[in-house]
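Enquirer: What follows is each chain in one-letter form.
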Amino acid sequence: MQSQKTDPILHIHDLNVWYGKSQILKNLTFDVLPRQVTAFIGPSNSGKTTLVRCLNRLNDLNVNFRYTGKILYKDENLYAPQLKAAKIAQQIGMVFQKPIPFRKSIYENVAYSARLRGIKQSDQLDTIVEESLRKAQLWDEVYKHLHTSSDALSNGQQQRLCIARALAGDPEILIFDEPCEQLDAAETPKLEAIVQNLKSHYTLIFVTNKRRQAARVSDVAGFLYNGELVEFGQTEQIFTNPIDKRTENYVTGRL
Amino acid sequence: MKRAELIFQSIALITLAVAFILFWNFGKGVSFAENGLPSGPTVTDSYVVLQENLNRMIPILLGSILLSVAIAFYLEEYLARTGWKYQIIARQIIILASIPSLLYGLLGLYFFVFQSKKGSFFIHALTVVLLVMPRTIQSTQMAIRSVDISIREAAFALGAKRWRVIIDHVFPHAFSVIMSGIFTVISRALAIAALIIVVYVWTKHTLQSGDTFYIPGSAIVLLLSSLLSSVLSSFLEAKTNWD
Ligand SMILES: Nc1ncnc2c1ncn2[C@@H]1O[C@H](COP(=O)(O)OP(=O)(O)OP(=O)(O)O)[C@@H](O)[C@H]1O
Ligand SMILES: [Mg+2]
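Top line first, the protein sequences correspond to chains A and B. Letter 230 of the first sequence, counting from 1, is numbered 229 in numbering that gives the first Met the number 0, and no numbers are missing. Letter 148 of the second sequence, counting from 1, is numbered 147 in numbering that gives the first Met the number 0, and no numbers are missing.
Extracted from the complex, chain B is given alone in its bound form:
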């Protein structure tokens, strides 16, 4: 990678991180009153709770991204692509990754907003993990595969061990593509977080106290069909990819 490119990427990354932290933390205080939205004590209070819940997910988000990259390297570099272990794991990942983020988002919405009891931390974390990991693994796998085989062979032919080849050659070559995949995934996760907040605010303002929230039957049918078609699609994809 050229140095200028690296500097540019780092600056972009830092700017993004700073902007995110600023918006995320100071956006909380501005709340709705200034935006002309009606605000009562209950709404703002539980909104703060919601945002704290989401905040707690950031370490989980970053952790699952790192774990995903590690898993992708393990899959591509240490497991034989024709072996049964690789086949089984790769199939699961393809299926999970093909489920639309919006479905994970709805799952998240349900558990973050309407079921925020104790012990829901696990469910929240699971939502984030499902949203982030399969796609990060998949995009990292693609990035690793895009590295020219001749570079690996040249390093192996000098007597480099596998982990050295990964650290010295595969990772630096795949880095930009891995990062681009990670940003796509982060962008999705943040958009889902935004969706949760928006829907939360809307419902809190329209629901009368005592009303219970329910998902209409037609929506459930749509959800199930969507799930079914994405699973079907990934089965077909797996067939063409692996057989």
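Looking at chain A on its own, in the form it has when it is part of the complex:
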């Protein structure tokens, strides 16, 4: 049992990433452990988004994308030709900076990802929609009007809808890429609470450029700077006792 808990779910070794001719990520090596929140912090353009888009193969959409190194997902090469990008994306979900609800009803937004994995029966769909909306802490606000358009929801509600939609796909890992960036301040604590609750069932990767937020939500944190993973370790250590000078400057707000 002990070893199962500590086996990394993602193992990244010496990862280099290029978009066209410019190298965006340099020699990244780290492990992501299951049922933990792994945060990536760093200033704008440090490569946080680029990194997480490698992990769910969303970068496959970019023809200029090229990488070297190893990315193992449960000991299997994530980019192995026999693994389909769509299958990977279903298992490694993503919530974006901007809430992107589909132009469908609340119910259909969430049911969409369940349908993608072949679930057709309506009672099964109902259950999944309710469970997902509850996990995203949106159910109480919307259960009375599930079949109205998602347009009417507030920004924060839309972001929680996107979380519910990702959960309905039954992922193992869920990536958040600066999910609070475009929300009202009042929404941020709600989102952090959701992340804390999801931790018991999912592996979470949380990108943020708010240092304090990373300190609050994560167990493990990595500091990215100019495409380098300057430091990676226990969140507490990163924030209270950083080894690298640059990390110290960043977490204390001097960078």
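It is possible that some hints are incorrect.
Said to hold, decoys possible - Covered by chain B, per the in silico footprint, the following chain A stretches (three or more residues, Cβ under 8 Å):
1. 12-18
2. 92-100
3. 110-117
4. 155-167
Unchecked claim - Quick list of simulated restraints, FRET-style, between CB atoms:
5. B:Phe-182 x A:Pro-188: 48 to 54 Å
6. B:Gln-91 x A:Leu-60: 24 to 30 Å
7. A:Asp-218 x B:Gln-91: 53 to 59 Å
8. A:His-146 x B:Leu-78: 36 to 42 Å
As the list claims (entries may be wrong) - If you want a taste of the chain B side facing chain A, the calculated C-beta under 10 Å gives, among others:
9. Arg-80
10. Ala-124
11. Arg-151
12. Ala-153
13. Arg-163
14. His-172
Derived by calculation from the structure, the hints in this document are not laboratory data. Heads up, the beta-carbon is just placed ideally off N, CA and C, and yes, glycines get one too.
Let chain A serve as the given structure and place chain B with the ligands on it in line with the hints.
Expert: Just chain B with the ligands, lined up with the frame of chain A:
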């Protein structure tokens, strides 16, 4: 798309289709006598033949529109925009689309009216295809590109396959713009058909039997120059777009 919008569009579409069918089929019988135009048996007879020729082009018209939409989706969604296949096809389309419809119209006029022999069906069809396809492909490409990338990414990130993303998201989002492009193209094609009929009637009434129809040399010079400048223009456009 809002439901009201969809209903409105469908009604407009159906009205247009019905009006078109009515005018097209019953306009034939009214012919020229009632409009005060001189009409002899030969004119009306060959006019009916002409209209039948044009009628036969309607399935070709609709077919090439559908094919064009499919090609545009293939180009935009399945070929890499920087790849050589995309580049070559896209360049050809830009060149063909930049040729004025009127030139295709004159081509059509020549073959529909003055060369209506057997086997000309192929040439007629080619005219319609040239008139319709490049522009429909181009306007559909624009419509597809106008769909916000974030919507595609959101769908891909849920594990949707490419064809699902197209059917569930790209197509519904681009639909209105695609339709607007198609109507522009249909409007051009119909206007060209009208031109063919008008010129046909005029010439049939002014030509004496035994006269041969010819295109004046100055017109040919103008045609060639027009062709040349549109090709030049599209080369320049291709340069700024792709290099
Ligand atoms: N599609 C792309 N093509 C080329 N370069 C890109 C592309 N996307 C990002 N980049 C470049 O990669 C670098 C890292 O960008 P990235 O978006 O990963 O940073 P980030 O840390 O997520 O920044 P932010 O905090 O602003 O979101 C930047 O210099 C950016 O210009
Ligand atoms: Mg980013």
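Enquirer: If a hint holds in the structure, say so; if it doesn't, say that too.
Expert: Results of checking the hints against the structure:
no., hint, result
1, 12-18, "violated (count 0)"
2, 92-100, "holds (count 5)"
3, 110-117, "holds (count 4)"
4, 155-167, "holds (count 3)"
5, B:Phe-182 x A:Pro-188: 48 to 54 Å, "51 Å, holds"
6, B:Gln-91 x A:Leu-60: 24 to 30 Å, "26 Å, holds"
7, A:Asp-218 x B:Gln-91: 53 to 59 Å, "56 Å, holds"
8, A:His-146 x B:Leu-78: 36 to 42 Å, "39 Å, holds"
9, Arg-80, "7 Å, holds"
10, Ala-124, "36 Å, violated"
11, Arg-151, "8 Å, holds"
12, Ala-153, "4 Å, holds"
13, Arg-163, "7 Å, holds"
14, His-172, "8 Å, holds"
Consistency with the previously given hints fails for numbers 1, 10, ordered from lowest to highest.
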